[in-house]
Amino acid sequence: MKTLLTITLTSLLTFNIAFAQTPEERGLEIAIESDKRDTGFADQLAEMLMTLRNAAGKESIRKVRVKTLEVSGDGDKSISIFDQPRDVKGTALLSYTHSTKPDDQWLFLPALKRVKRIASRNKSGPFMGSEFSFEDITSFEVDKYTYKYLRDEEVEGKATFVIEQFPTYQASGYTRRIVWVDQEIYQPLKVEFFDRKNSLLKTLTFHDYQQYLDQYWRADRQEMVNHQSKKSTTLLFNNYQFKTGLTDRDFDQNSLKRAR
Amino acid sequence: MKRIEDQFGAWVIQWRWLIIIATLAFVTFAFLGTKNLVFTNDYRVFFGKDNPQLLAFDDMEQTYNKNDNVLFVLAPKDGNAFTAETLQAVHELTEQSWQIPYSTRVNSISNFQYTYAVGDDDLIVEDLILDPASITDSDIARIRDVALKEPNLVNNLISASGHVTGVNVTISLPGINESTETPEVTQFSRNLVNEFEQRYPNIEIYLTGMAIMNNAFGENSLNDMTSLIPLSFLLMLIMLAILTRAFAGTAVTFLVIGFSIITGMGLGGYLGFPITGPSTSAPIIILTIAIANSVHILMTLRQRLHAGADKKAAITESLRINLQPIFLASLTTCIGFLSLNFSDAPPFRDLGNFTALGVAGSFFFATLFMPALLSLLPMRARQSTPYSTRMMQNFAEWIIRNRQTLLYSVGAVILVLIALIPKNELNDVFVEYFSEEVQFRVDTDFSVNNLNGIYRIDYSFESSEPEGISNPEYLIALEKFTQWWRAQPEIRHVNSLADTMKRLNKNMHSDNEDWYRIPDNRELSAQYLLLYEMSLPYGLDLNNQVNIDKSATRISVTLETMSSNDLLAIEQRAQNWLLENTPTYSSFDGTGPSIMFANIGKRNIESMLIGTTLALIGISIILIFAFRSPKIGLLSLIPNLIPAAMGFGIWGLMVGQIGLSLSVVTGMTLGIIVDDTVHLLSKYLRARRENNADTFEAVRYSLVTVGPALLITSIILVLGFLVLTFSNFYFNSSMGLLTAIIIAMALIADFLFFLPLLMKAEENCNENITNDNTHQPANV
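Top to bottom, those sequences are chains A and B.
Each position in the first sequence, counted from 1, maps to that position plus 306 in my numbering.
Each position in the second sequence, counted from 1, maps to that position plus 760 in my numbering.
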């Protein structure tokens, strides 16, 4: 009886909200839903093949393994380990990401045999030389942005919510992003990035979403195009694994040396 | 030809209304074409699509990032950039410059990514100036210390003495609407300068950079057109009023000029020629040449009217006498200008084509429209005997009397001037393309004298293997090359990855100075590079310095402003050094706009040599056929070639430097100065053939009939080209001056050298002619 009441109340409330909501509230609501649906994967492993392309179309390839530990209430922790190019094999980056303050980062250089903490407020620089910046690649957290729902739109036959997101981090490289969120899986299909003077800088598209553990959707391929520099980056992911039992101890400075 | 000439005048008068209406219709059509004219704001237009230096530069820009920029130079009046106020201004300007349209990166001492070690394990990367509002004296001292020791900053964004500092903005134009993008950037930047100069009255701000230079090209083209064209119209109005003292003639000539300019520019617009610095002089040149054509018609007309002919008869006669020489003169002038199509620099091709179209138009307007309209207007004869006729008669006698002396003395002067030609040195300093009255030039000179330089050479230092730049052997070679450049007296700044690698090595060893050296193993270098790559701020990526497969890095060298020869010499020195010291890594040339401009003069002279020779051959063939005499045709080569030689001799004495635009002057003036020869020879031959006159009499006849007109047209041409000396572009002002000199020389050489030479060459022929003819006035 009590459950029934709750359900009734909730649906009534939702019903009300749907009509009385401001675009900001609606945007936030969709963000919360996206975040909720992606919560609980605990940890994740993936292999990432990165193809960098310059304006002339010349390419170079990097191979990185990425381990991620879900952290509730803050940004996730991750370790990226380079496999290729050969000269940087074994180089590993540990980062504790935060939504509204600088990330903590440690880098292990095997040739130097040392772990160095890198203190920088900069999240908008290029991630491993790609067109992705650090802030593009880190996990989605609700408080990374403020939101404004714009409209519904169809993207390649899929219904999406179009939402404007404004970074909360002071030193962000963007004034805003526009995100097309798939209404079915609550994952982004397309993101447009606007630079500090509010000009279109980059477009990111997500392709070939797969569902893991009946819940978590991951795109096999991401394409980022920089409209100003005409450069682009393709990320190909494979061998996704979830809930492998990683803990905080696998994401500390000591683990970085053993990461290879 | 003869039949055409005889009936032409009658035909024109018969069909005058049709001619006038057709002319107006055509001019209207041409006028609509001027809508298509666009001003170009890009220094790259000076280089043809297959210019090897441009291709090398394009390749460099494709491999690394494209580097158009805006540079603000801040000069505090107290001569110290390291004060709280100035640092605050630098910080604010850095922040606000991100708002400049199409900006992709802003660099200054304020946001310089300062990396330093704390203890053994921490590496800090932060902006050099973090919070200028609460800056303390000790912060300022630390900032000053770091900035003045940083090789990436000194003589680049901060002067070595710390008295001026720069904010450099990288601009990446989308190139969708080229005519508006650069002005947009410039306007925004200028507004920033104004705003900051108001807020910081103790700081002067100078604005330069490639984007601003590009804008200056377009802006000054427009300025030139709007100031110089009215000036030349005014000048010509005065000239015509004085010379012809006839309202109808002046008014009709003005229409001919206007129509010719509209034809040249409008048809050029239809054909898609852009307006660039050099082609802005086209309207003025068309104007000048169109007047010259009209003057010939008008002068004869006046002479005839004076001799008592009625208006129709005078017009018919003027056309009969002038049609062939004006046609030949226009044809040869067109050929001369069309020879500019051989120029390596497209703007000069455009200049040649615009002008050729306008000159062709002026021929038709002067021979069809002008007489047609004049026949409808009231004209009356002047009473007094033209002073010019008497003067010319005396002048002719003087020349005939002194022909031997003139031949040898003027010949000697000519030889001396030819000997002076080698005093000219090739030089294209592209900053100096702008006159000192142009703000861009003023600001750039300040920047070059106080902060950095605009002469930059880029090298893509190749390792020839992927990831090869981490090889210690490669990095040591790169370091040596960097050091070699730093030891050159002309150097301002070197930007090299070698410095970055050394700094990182030091940083990763707790800032121990002993480690300020190239890492000794390949993996370590590669890993530093990865670290560096990951620490780069927004808008910067490694691609500025490193190519995509990491087989090469870009080393950028900034030099003081110097002559093209010196620049090419120092580049050669660098190549020699590479061959001797780092033979493994030596197969690349320096590139960049300064190298491109340093080669353009030479390339243009080589390409124009072909164009000018072909024009000369073509013109000579035309003259041989027109005069039906190989001897006269070949003889005419002499007065056609000598003036340019004399002009360059005088230039060698006066200026001594020739650049891009002067390489096209010979071809261009050839077509103009040939006109003198054509008019003089056609009258000479008419006297010889129609009147059976001997050489002396023919010289007299040609001087009296065409001498005044030649004198007047030469004065008009000289003045017209002198108007160009007021141009904001050096390539226009120097071209105008040299052309004016050559045209003046042409008249001198024709009268004082060629006529005596002609008399000498035809001495033998005189025997065939009866002596009674000698003093009979020519009746043609």
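Hints are computed from structural coordinates only; laboratory data are not their basis.
Treat the hints loosely; a few may be bogus.
As the list claims (entries may be wrong) - Cross-link-like lysine-lysine pairs, in silico, BS3-like; alpha carbons within 27 Å at most: (1) A:Lys503 with B:Lys826; (2) A:Lys536 with B:Lys826; (3) A:Lys364 with B:Lys826; (4) B:Lys809 with B:Lys1362.
Subject >> Violated hints - listed by number, lowest first >> reply: none
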